[in-house]
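Spelled out from the first residue to the last, the chains are:
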Amino acid sequence: MGDLFVLAISCIFINNILLAQFLGNCPFLGTSKKMETAVGMAMAVIFVLVMAGMITWIVDLYLLKALNVEFLRTVSFILVIASLVQFVEMFLKKSIPGLYAGLGIFLPLITTNCAVMGVCLINIKEEYTFIQALVSSFAYAVGFGLALILFAGVRERVILARVPKALQDTSIGLITAGMIALVFTVFRGMV
Amino acid sequence: MIPAILLMLGIGATCGIVLSLSSKIFYVYEDPRIAQVENNLAGANCGGCGYAGCSAAAEAVVAGKEPPTVCIINSKEGVEAVSRIMGVDAGAAEAPLSYNLCEGGNRAENKYHYMGVSSCKAMTAVFGGHRVCTVGCIGLGDCVKACQFDALHMGPDGYPVVDDAKCVGCGACQKACPKDIIQVKTLSEKLMEFNQEHGALAPCSQTCPAEINIPKYISEIKAGKYDEAVQTIRMRNPLLLSCGRVCPHPCEDMCRRGIEDEPVSINQLKRFVADYEMNSGSRIPITCAPDTGKKVAVIGGGPAGLSCAYFLRRIGHQVDIFDAMPKLGGIIRYGIPEYRLPKKVLDWEIQGILDLGINAFTQVKFGVDFGLSSLIASGYHAIFMGIGAWNDYALGIEGEDLDGCYKGIDWLSRFAGGQEMKLGKTAAIVGGGNSAIDCVRTLKRLGLEKVYIVYRRTRNEMPANEVEIVASEHEGIDFVFLAAPTRVIGDENGKVKGLEYLQMELGEPDASGRRRPVPIEGSETVLDVDMVISAISQAPDPSFKDTDPTPKIKDLELTRWNTIDNNPETLQSSIPYIFTGGDSATGPSLVVTAIGGGRRAARSIDLFLKGKPVEPVENSLQGKNIPESIFKKVDGITPIKRAKMPEIPVSERLDSMIEVDLVLPEDQALAEADRCLNCCRICYNPDTEFPIAK
Numbered sequence: 001m002g003d004l005f006v007l008a009i010s011c012i013f014i015n016n017i018l019l020a021q022f023l024g025n026c027p028f029l030g031t032s033k034k035m036e037t038a039v040g041m042a043m044a045v046i047f048v049l050v051m052a053g054m055i056t057w058i059v060d061l062y063l064l065k066a067l068n069v070e071f072l073r074t075v076s077f078i079l080v081i082a083s084l085v086q087f088v089e090m091f092l093k094k095s096i097p098g099l100y101a102g103l104g105i106f107l108p109l110i111t112t113n114c115a116v117m118g119v120c121l122i123n124i125k126e127e128y129t130f131i132q133a134l135v136s137s138f139a140y141a142v143g144f145g146l147a148l149i150l151f152a153g154v155r156e157r158v159i160l161a162r163v164p165k166a167l168q169d170t171s172i173g174l175i176t177a178g179m180i181a182l183v184f185t186v187f188r189g190m191v
Numbered sequence: 001m002i003p004a005i006l007l008m009l010g011i012g013a014t015c016g017i018v019l020s021l022s023s024k025i026f027y028v029y030e031d032p033r034i035a036q037v038e039n040n041l042a043g044a045n046c047g048g049c050g051y052a053g054c055s056a057a058a059e060a061v062v063a064g065k066e067p068p069t070v071c072i073i074n075s076k077e078g079v080e081a082v083s084r085i086m087g088v089d090a091g092a093a094e095a096p097l098s099y100n101l102c103e104g105g106n107r108a109e110n111k112y113h114y115m116g117v118s119s120c121k122a123m124t125a126v127f128g129g130h131r132v133c134t135v136g137c138i139g140l141g142d143c144v145k146a147c148q149f150d151a152l153h154m155g156p157d158g159y160p161v162v163d164d165a166k167c168v169g170c171g172a173c174q175k176a177c178p179k180d181i182i183q184v185k186t187l188s189e190k191l192m193e194f195n196q197e198h199g200a201l202a203p204c205s206q207t208c209p210a211e212i213n214i215p216k217y218i219s220e221i222k223a224g225k226y227d228e229a230v231q232t233i234r235m236r237n238p239l240l241l242s243c244g245r246v247c248p249h250p251c252e253d254m255c256r257r258g259i260e261d262e263p264v265s266i267n268q269l270k271r272f273v274a275d276y277e278m279n280s281g282s283r284i285p286i287t288c289a290p291d292t293g294k295k296v297a298v299i300g301g302g303p304a305g306l307s308c309a310y311f312l313r314r315i316g317h318q319v320d321i322f323d324a325m326p327k328l329g330g331i332i333r334y335g336i337p338e339y340r341l342p343k344k345v346l347d348w349e350i351q352g353i354l355d356l357g358i359n360a361f362t363q364v365k366f367g368v369d370f371g372l373s374s375l376i377a378s379g380y381h382a383i384f385m386g387i388g389a390w391n392d393y394a395l396g397i398e399g400e401d402l403d404g405c406y407k408g409i410d411w412l413s414r415f416a417g418g419q420e421m422k423l424g425k426t427a428a429i430v431g432g433g434n435s436a437i438d439c440v441r442t443l444k445r446l447g448l449e450k451v452y453i454v455y456r457r458t459r460n461e462m463p464a465n466e467v468e469i470v471a472s473e474h475e476g477i478d479f480v481f482l483a484a485p486t487r488v489i490g491d492e493n494g495k496v497k498g499l500e501y502l503q504m505e506l507g508e509p510d511a512s513g514r515r516r517p518v519p520i521e522g523s524e525t526v527l528d529v530d531m532v533i534s535a536i537s538q539a540p541d542p543s544f545k546d547t548d549p550t551p552k553i554k555d556l557e558l559t560r561w562n563t564i565d566n567n568p569e570t571l572q573s574s575i576p577y578i579f580t581g582g583d584s585a586t587g588p589s590l591v592v593t594a595i596g597g598g599r600r601a602a603r604s605i606d607l608f609l610k611g612k613p614v615e616p617v618e619n620s621l622q623g624k625n626i627p628e629s630i631f632k633k634v635d636g637i638t639p640i641k642r643a644k645m646p647e648i649p650v651s652e653r654l655d656s657m658i659e660v661d662l663v664l665p666e667d668q669a670l671a672e673a674d675r676c677l678n679c680c681r682i683c684y685n686p687d688t689e690f691p692i693a694k
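Protein chains in written order, with the UniProt record's numbering: chain A, 1 to 191; chain B, 1 to 694.
Be aware that a few hints might be false.
To be verified - Calculated pairs, DSSO-like style, for lysine-lysine (alpha carbon to alpha carbon, straight line, at most 30 Å):
#, chain 1, residue 1, chain 2, residue 2
1, B, Lys175, A, Lys165
2, B, Lys175, B, Lys554
3, B, Lys121, A, Lys34
4, A, Lys33, B, Lys294
5, A, Lys33, B, Lys610
6, B, Lys554, B, Lys610
It should be emphasised that the hints constitute simulated quantities derived from the structure, not laboratory data.
Required output: the full structure, derived from the provided sequences and hints.
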């Protein structure tokens, strides 16, 4: 249990998928202009990532490893994740319309999110057990959400600052992201 | 190699089968029309409709929450296709356009130091967005950045300018503007706007009963864009030729330049552009919204009725005017003499309004020739009653029914209607208002030897327009002030031979703030005249309540002054589908007040026709002034003489009814327009730079 907690902490803070591994930067910059969209995106990522982490772990163990075709990992994961998101979308629309209304427009965006793909591959590379893979997927997603929401909060305030013309909008966004990443380095060596 | 290919095929097939199965299992019934509607929307996912993308908008259309015109950038064909799918009429698709309320960006720059902040949103968040005033444009162009259609540009004066040809009315600029200055509105919405307490309004515009955007039309005159100035005035006042001649211009009393200098001659500028249009030989086209299919009856073709009909027509309703007199115009045709407002001018003006597609039926009197039930049977959805105030008050003195005694409006209207009038040699007109002056100046022109005005207070208290009093003084009218008529003296044939009056002195101020005249005992004096006209105000004629056979008309409540009882904010009467305005709602008042009332009633009628609650305009200003915009002193003013109104010399004008006041020549009009400070709520363009506290 303690190990899982340490794993979660390390996934959220130390190896934060956005700020330490620099994966999933498109939604990080794209959906961080408004707090509202950032929260929606964070929720959708948590939801999808947990699902994708489980499915890909199973696919890897029972198909790829079993058939000894690990070199197909990336391509088959893309296929599986994309189908999964489609499936989840249909499922939610039918069964949980409320949740669908909240996450609906973000789900298709995540199909091609490299943070999702990255976490699935990390799970395999680190040779996690199923439970560990589940925890790490959830924790990475929480880390993604945390970074995104923090960043959105900062960005909403950046417009009030005196930003030189050349650095406005995305430029200052990237600089801000870099600074937040620097701040996150303080977690290094904690575990 | 083989297992790998098989595996990929396997995964692909499994995913495909699972997805197709689940699309069956998790099938949610969706109206097939949603997809069809979506195919006929513009597909830009611009969000201009307020929904997250075109599919959401399509869902809203199919759910009946939005009309087929929901897509703001859709083509006409697209809208028609959507309407066909939905099986409904496309209805009125009125294109909304973006426009900027504030034109003071240029002034703000030199008053505010920006400290490096570069967006309006930031400015608002950090400093509350005050540049000069709380309502003005900050001028950092958030709206320009938000526009996806290249329709907004920062103008040369530092505030955004809309390119109407490119604007699709998506509303992105409105959302981006933290000050609500850029607004996206349809023509109808712009026509039905009223002054509100938080508005960016100059003192003159606040005061104008018709709420004309005065600084805007004057700056258009200044720029030589006379057509645009006419259109600006027409947004609020369809009778600019008439108002330009007869309006007592309360706006000029509040002119900010008037605090340090003479006020701008606002009304003469209005007349200048109005005459410019008339003399140009062609009419500036007036745009109307698409037809709504609703019909409104306007009873009374005076200024209130014409204004109401004009605005209702412009926002797309069908309007018919009914008038008891042979020609439209009401009191401005039959009460205002030819030398002030030539009939030719009035005819031209009224024809322009009728040309919008308004039918006029004249010589039909409400309650006699037609009634409430016949209007309802004819399919009118609402009624505007602007029947004016035509019943003269009587003096209530002995001898008032002698031969040679007349009543002001009655006499004026009969004369204007072309009736042969019996004239005496000397006349006394009782009253101090404009009607009295109209009577004396007309009589003077008809060749009477002596014409007196008998008024119970002094010149200072006369309610008539100052210019009118001055003109009648020039024309040799005799004023008898502080005189209260007590008796009309007749000769043995029952003809008037004199008017007896009591001399008065001024006592304590009364409710109106004017000092009350008190009679001096035993001061009876006789004025030798053979004609007496009493022009001491009028009231509406309530006879329709007795003559109209419709029982429902009894529900129409009147006040004790015989005006139609109404909610002053909405002008709705005690019968919900009857609205009123002008003198029949307020009692005798200004032409420009009637015009403003007509527009306010048009707004209420529009709400009523659309089935919305007829509610007052929020925080409506209604002629009140915004305290912060009324200054005690104004910096940076160099006195410049006001343009003098050209007029025909007294010697040439007294033997005919020729128009006395002339229009300003162009150079003088432009010079006068230059005197305008282009004020807004609290800012203005000073003549000279003056030190600003930083």
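Status of the hints after comparison with the structure:
1. Distance check on the hinted pair: Lys175/B and Lys165/A sit about 23 Å apart at the alpha-carbon level, within 30 Å; holds.
2. A threshold of 30 Å between alpha carbons decides the hint, and for Lys175/B with Lys554/B the separation of about 50 Å lies outside it, so the pair is violated.
3. This hinted pair checks out: Lys121/B and Lys34/A have alpha carbons roughly 14 Å apart, not beyond 30 Å.
4. Distance check on the hinted pair: Lys33/A and Lys294/B sit about 46 Å apart at the alpha-carbon level, beyond 30 Å; violated.
5. About 40 Å separates the Cα atoms of Lys33/A and Lys610/B, which puts this hinted pair outside 30 Å; it is violated.
6. Of the supplied pair hints, the one linking Lys554/B and Lys610/B holds, its CA atoms being roughly 26 Å apart against a limit of 30 Å.
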